[in-house]
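> Build out the structure end to end from the sequences listed, making use of the hints.
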Amino acid sequence: MKYMLLMQFSAAGTDFPSIDTWTQDEVRAHIAFMGEVNEKLTAAGEWVDGQGLGGPQQARIVRAGEGGVPVVTEGPFAETKEFLAGFWIVDCESPQRAVELAAHISTAPGPGGRPLNMPIEVHPVMSAPPQEL
Amino acid sequence: MNTDPRIEDLLRELAPQVLGVLSRRFGDFATAEDAVQEALLAAATQWPTEGLPANPRGWLIQVGYRRMIELVRGEQARRRREDLVARQGPGDRQYAPAADEELTAERDDTLVLLFLCCHPALTPTSAVALTLRAVGGLSTSEIARAFLVPEATMAQRISRAKHRIRASGLPFRMPEAAERPDRLIAVRQVLYLIFTEGHTSTAGPDLRRVDLAAEAIRLARALHTLLPDDSESAGLLALMVLTEARGPSRTGPSGELISLADQDRSRWDATAIAEGVALVTQALPRGPVGPYQVQAAIAALHDEAPSTQLTDWPQILALYEVLERLVGSPVVALNRAVATAMVHGPAAGLAALDALTHDPHLAGHHRLAAARAHLHEMAGDQAQAIADYRAAAARASSRPEQLYLTMRAARLASGSKGDPPAAAKP
Chain F
0 MKYMLLMQFS AAGTDFPSID TWTQDEVRAH IAFMGEVNEK LTAAGEWVDG
50 QGLGGPQQAR IVRAGEGGVP VVTEGPFAET KEFLAGFWIV DCESPQRAVE
100 LAAHISTAPG PGGRPLNMPI EVHPVMSAPP QEL
Chain X
0 MNTDPRIEDL LRELAPQVLG VLSRRFGDFA TAEDAVQEAL LAAATQWPTE
50 GLPANPRGWL IQVGYRRMIE LVRGEQARRR REDLVARQGP GDRQYAPAAD
100 EELTAERDDT LVLLFLCCHP ALTPTSAVAL TLRAVGGLST SEIARAFLVP
150 EATMAQRISR AKHRIRASGL PFRMPEAAER PDRLIAVRQV LYLIFTEGHT
200 STAGPDLRRV DLAAEAIRLA RALHTLLPDD SESAGLLALM VLTEARGPSR
250 TGPSGELISL ADQDRSRWDA TAIAEGVALV TQALPRGPVG PYQVQAAIAA
300 LHDEAPSTQL TDWPQILALY EVLERLVGSP VVALNRAVAT AMVHGPAAGL
350 AALDALTHDP HLAGHHRLAA ARAHLHEMAG DQAQAIADYR AAAARASSRP
400 EQLYLTMRAA RLASGSKGDP PAAAKP
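Listed in order, the protein sequences are those of chains F and X. Each step along the first sequence adds one to the number in numbering that gives the first Met the number 0, with nothing skipped, and position 64 is 63. Each step along the second sequence adds one to the number in numbering that gives the first Met the number 0, with nothing skipped, and position 348 is 347.
Just so you know, these hints were derived from the structure itself, not from any lab. Just so it is clear, the structure is predicted and the values come from calculations on it, not from any experiment. Where is the CB? At the ideal position from N, CA and C, for every residue including glycine. Where hints are given, some of them may not hold.
[Claimed, not checked] Only part of the chain X face toward chain F is listed, based on derived beta-carbon distances under 8 Å: (1) Val148; (2) Arg156; (3) Arg159.
This is the structure in structure tokens:
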């Protein structure tokens, strides 16, 4: 079963300052943690894909305008309370396991080494039909 | 690599035999597996240019054997092997068969491999991967492609499975007689799991189409050949063949499901149906009757019927009652309720479904809502049917099923009567 884990940075649900105010060691510890997560997933045979995403200032919102011409707006804007920071796609045995993985990712260290407890969305990836239909 | 498909088929057939010989001789499945993979790779690169050797099996054993010696010579491997030998005690490795073994040994080896790969210490996904590689002879990249995961992930999964088998200290031989029935149940489950996974692949222009359903049928056929008197293994093969016979008509152009009632029956594979029916007809009276045989019998009744209306629903209902006694799963109870509706009318079916509402496995499950939607539609209660179809679609975890349910709701909502009520879902 495949699951997509979305790492949402949420100003509402957390109390940590923005990452550009962290010390270098704090940032390093955070990145090392993410590296370990990915290694563990690979070693367990559960890794499908995973990427960190650029910050909200680099993200664009695109809509089709007249004649399908792309209309681009910047955003999500700085005042946005939540933005997508990264994602994983994992292939694991059960929904419980996906939740476990998400909980582990949520403990990524922030300032002072404290776990960030950021919210991780767990979405099942739609599959092919079951045989018995 | 653009290998001749005939060579590929030959390699796949020989792979488990060679693995069996090497594992038995060295008593080390994990290392033998590595050696065999390298021998297969050598064959896949050399044979197309240099031609087939006179004795392909002997060639592979030779190359694998040499590689095995090299691997075992390594300091670490030696230590591991000493541990392994110590754990196994004497006696076990006394039996060193000649290079050219009898056919019976090959057949036994394949069965031992199946038992080994479907080891209870492995998770089902690991057992599936290992079975496909060791018994099916598929490459890691082919298995990875079939399951839509990166090759490195699949390689890791397989190597962990091998480590686990090694850690369990199981020697390469048939499990004790007392253990065998349980292990055989696991073997059948793993093969059926491969089969059910088979619908995902709409393989592209790859080296060889990794069609998991076809691979599962090939392996189930091998199991049936190895154990011709085992009626449940015959039942499993029959179930797969009878289900696959309807395969191409089960989905529409956009991948949406087509319910049994709406399928074009002229597109069903008559040869496969005849084979499946013959298999289950022979197996059933031989007994003991297990769930795969009963499911195959139900599939046979559907496959042989010219239409939903002319389907032998009383017989199907009776078989679901047998199946429910055998396995007692809520999904079976749900199917029985639908068959009840086909025999005794939608009200009786809905009453049977109501009895299932409090089952913790079914509460909130999209199948329950979908079945209820079908029966409400059958009873002519359109508003309730639409609501139930939508509720089911919202919960469905398979895209084709979700599309089917959404379209069903949309069709009713737009007022078109559509086709005859499609309550006929087995």
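> Compare the structure with each hint and give your call.
Each hint, compared with the structure:
1. At a threshold of 8 Å, the smallest CB-CB gap from valine 148 (chain X) to chain F is about 5 Å, leaving the interface hint in force.
2. The closest approach between the C-beta of arginine 156 (chain X) and any C-beta of chain F is roughly 3 Å, which is under the 8 Å cut-off, so the hint is satisfied.
3. Satisfaction of the interface hint for arginine 159 (chain X) is found here, the shortest Cβ-Cβ separation to chain F being roughly 6 Å, below the 8 Å cut-off.
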